[in-house]
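Go ahead and model the full structure; you've got the sequences and the hints to work with.
Mind the numbering: the sequence shown is residues 1 to 712 in UniProt numbering, read in order.
Worth flagging that the hints you see were computed from the coordinates, not collected in a lab.
DEER-style ranges, computed between Cβ atoms: (1) Ile94 with Glu239: 30 to 40 angstroms; (2) Val220 with Gly106: 45 to 55 angstroms; (3) Glu453 with Gln634: 38 to 48 angstroms; (4) Ile139 with Asn299: 58 to 68 angstroms; (5) Arg114 with Thr190: 26 to 36 angstroms; (6) Gly106 with Glu296: 53 to 63 angstroms; (7) Glu7 with Glu239: 52 to 62 angstroms; (8) Ile367 with Lys292: 39 to 49 angstroms; (9) Val662 with Lys637: 17 to 27 angstroms; (10) Lys637 with Asn703: 15 to 25 angstroms.
Remember, predicted model here, so these are calculated numbers, not experimental data.
Where is the CB? At the ideal position from N, CA and C, for every residue including glycine.
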Amino acid sequence: MFSIAREKVRPIITFNIDNLKEESDIQVSNFKEPFLFLKKQNKLFAYVHLNNLLQVNIENQQIKLKALLDSSKSIDSVCRLNEQISLPVLFQIIGEPIAIVKRENGGFDGYIRREDVLAELFKQENKSVDLLKIILTSIPMGIFILDKEKIIINCNDSGLKMMKSTAEQVMNQPAEKLFSGDHIKNVFATGKTILNHVQITGDTGVLLDYSPIFNFKEEVEGIVIVVQDLPMVEEMAMEIEYIKNLNKDMNAILSSIYDEILVVNQKGELIRFSDNVIPGFWKVDLKEMIGKNILELENQGLFCPSVTRMVLEKKKKVSIVQETRNGRKILAVGNPVLNEKNEIDRIIIASRDITETTRLKTELKEIRKISEQYKKELDDFKNKDRFIKKLIYRSPKMERIINQARKIADFSSTVLLHGESGVGKEVIAQAIHQLGNRSSKPFLKLNCGAIPENLLESELFGYAKGAFTGADKNGKEGYFKQADQGIIFLDEIGEMPLHLQVKLLRVLQEQEVIPVGSTTPIKVDVQIIAATNKQLEKLVEAGTFREDLYYRLNVIPLHIPPLRERIEDISVLAFHFLQQLNDKYNKSFHLTPDAINVLEFYPWPGNVRELQNIIERLIVSSEDPAINAEFVSQFLKLGYDLKKSKPVITRVIPLQEAIDHVEEQLILLAMKQFKTTTKAAKALGVSQSSVSRKYQKILNERNMNIENTVPN
Numbered sequence: 001m002f003s004i005a006r007e008k009v010r011p012i013i014t015f016n017i018d019n020l021k022e023e024s025d026i027q028v029s030n031f032k033e034p035f036l037f038l039k040k041q042n043k044l045f046a047y048v049h050l051n052n053l054l055q056v057n058i059e060n061q062q063i064k065l066k067a068l069l070d071s072s073k074s075i076d077s078v079c080r081l082n083e084q085i086s087l088p089v090l091f092q093i094i095g096e097p098i099a100i101v102k103r104e105n106g107g108f109d110g111y112i113r114r115e116d117v118l119a120e121l122f123k124q125e126n127k128s129v130d131l132l133k134i135i136l137t138s139i140p141m142g143i144f145i146l147d148k149e150k151i152i153i154n155c156n157d158s159g160l161k162m163m164k165s166t167a168e169q170v171m172n173q174p175a176e177k178l179f180s181g182d183h184i185k186n187v188f189a190t191g192k193t194i195l196n197h198v199q200i201t202g203d204t205g206v207l208l209d210y211s212p213i214f215n216f217k218e219e220v221e222g223i224v225i226v227v228q229d230l231p232m233v234e235e236m237a238m239e240i241e242y243i244k245n246l247n248k249d250m251n252a253i254l255s256s257i258y259d260e261i262l263v264v265n266q267k268g269e270l271i272r273f274s275d276n277v278i279p280g281f282w283k284v285d286l287k288e289m290i291g292k293n294i295l296e297l298e299n300q301g302l303f304c305p306s307v308t309r310m311v312l313e314k315k316k317k318v319s320i321v322q323e324t325r326n327g328r329k330i331l332a333v334g335n336p337v338l339n340e341k342n343e344i345d346r347i348i349i350a351s352r353d354i355t356e357t358t359r360l361k362t363e364l365k366e367i368r369k370i371s372e373q374y375k376k377e378l379d380d381f382k383n384k385d386r387f388i389k390k391l392i393y394r395s396p397k398m399e400r401i402i403n404q405a406r407k408i409a410d411f412s413s414t415v416l417l418h419g420e421s422g423v424g425k426e427v428i429a430q431a432i433h434q435l436g437n438r439s440s441k442p443f444l445k446l447n448c449g450a451i452p453e454n455l456l457e458s459e460l461f462g463y464a465k466g467a468f469t470g471a472d473k474n475g476k477e478g479y480f481k482q483a484d485q486g487i488i489f490l491d492e493i494g495e496m497p498l499h500l501q502v503k504l505l506r507v508l509q510e511q512e513v514i515p516v517g518s519t520t521p522i523k524v525d526v527q528i529i530a531a532t533n534k535q536l537e538k539l540v541e542a543g544t545f546r547e548d549l550y551y552r553l554n555v556i557p558l559h560i561p562p563l564r565e566r567i568e569d570i571s572v573l574a575f576h577f578l579q580q581l582n583d584k585y586n587k588s589f590h591l592t593p594d595a596i597n598v599l600e601f602y603p604w605p606g607n608v609r610e611l612q613n614i615i616e617r618l619i620v621s622s623e624d625p626a627i628n629a630e631f632v633s634q635f636l637k638l639g640y641d642l643k644k645s646k647p648v649i650t651r652v653i654p655l656q657e658a659i660d661h662v663e664e665q666l667i668l669l670a671m672k673q674f675k676t677t678t679k680a681a682k683a684l685g686v687s688q689s690s691v692s693r694k695y696q697k698i699l700n701e702r703n704m705n706i707e708n709t710v711p712n
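Structure (structure tokens):
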């Protein structure tokens, strides 16, 4: 805070003009103060700088009242000062030649000239208050002052921050080190301001204005360089560009919308409209309606009722059907846009001609119904075809199995799948589901041997509310209820306890289940597919499986042959699993032909599951992308007991038969030892094609013998 020097306060000389006319003469020499204050109706309203006025009228010191008023300035722009002056008031003092000093009671004590105030303030200035620095610091933009020697003589902190410099680095330094020398020279030479110059260096980006500082002779004595941070300018430019793009997008959206769009204000006056105008609806050019009230069109009978009027009345969204003079029906939807005072600011009206829509509605429903039916049928065909393509097989035996599954899928009969572990019984169950009429319904699978006996019953049949301690308070639906209208796949059916076999028999016979803790049966429509790798007949004989349940399950028996009985599938399955792993791990492993021969020679006791595991083991262990027979044999036990396969000749038999037996043993021994037909042929001294042909013949004969010994 600064105080006013009382000796610098000058008296206010007033002149009342209430009873004077503009042509009245005023003797200004009578006023001894340089400033004269004009009063009207006992109130100060303006002031006149007499020194300036007398310079124009040196000879005649009488002037007209009109000239006096023309030279006056409004008193409202003059700063009012108290005894103490705050820093913000300095900016107001600088703008006018005088300031009025107020009394404590609100009256005027006098006036003080601007130069006297500033001189006194600078006298009172101490080290803790730097007026010029405060003024410069208060400016949010960067300011750099250059003298006529092009030296930086002052700046503010904002400028230093934007230029990433310190006062020590720039003060009293040539401005060309920091700014464009060409622009500085141009300003001094021409006296013209250079605006919006972008300056980008390695670590700064700013926008610069170069403005000249003129003396009283209109000569350039220095330059003010105004600095703005470029990110701020870029942000403003981006915002403007965003608004422009938004406007383009909005116009494009309005043009592309099928409906006719009108925007009206709270008075009902049309502001803008879309390009899509309903043909034949408007009897006037909408361009001529801009700024006019469209409520008048209702009064003219162009349409009825007016959606604009109804929105203004109800202050909410309105949907109506308007009818025109020519009988057309227009669906109009009016949406109010409210301002912050919850008053209607705009109304958006979307209109559509629904004359033809009403007539076509019934036809559309019928077409939609047919379309949905066709779509459902097409989706069913696609899903079935897609699933069939996922099944990997080539052998005639599997071809027969899949054909049987197709036939079974058309019915809801109970199916019993039996075969060794890992042959793909679940895959066949899924095929029956996907190929049948229940493909869009649930397919649930449950392994009867994997769930504890005390939980299996509640999982299958569900339980009622409060059936046992720890049960869900709302009860639980069992698998049979969840699979209603679908299929439930019961794997390892031979492991089901006897007391649950009774309940399962009831489901098969009565098509209903009774949850645990309840006595009320629940009807279900479920197709059951059971699977086992055991001979249920022997379990029935042993008394561990109910005979009546066995016959209820064995409606459609389906035997899945082991992999060793369908050698043709080994190669395609191996390539399939190999490709899956290559895709998963982004690898490029491949099996050589001799490796396939070894895989086909192996009996695969674990069937398809074992083959899949072996392929994964080969990929993880192999260092070479080419997986050959020698590498494969390290992971397979290829023992072949010749004593069991062929008896030692101890009696006379036909020579050709003996030769065939010896040849078979030699080929098998060679393949066991050398792994590939090429190496085996070299060791036996015959051609590779001969070994390959005879080796395949031996394998085929072995498979035929196995088929003849396995019961159907």
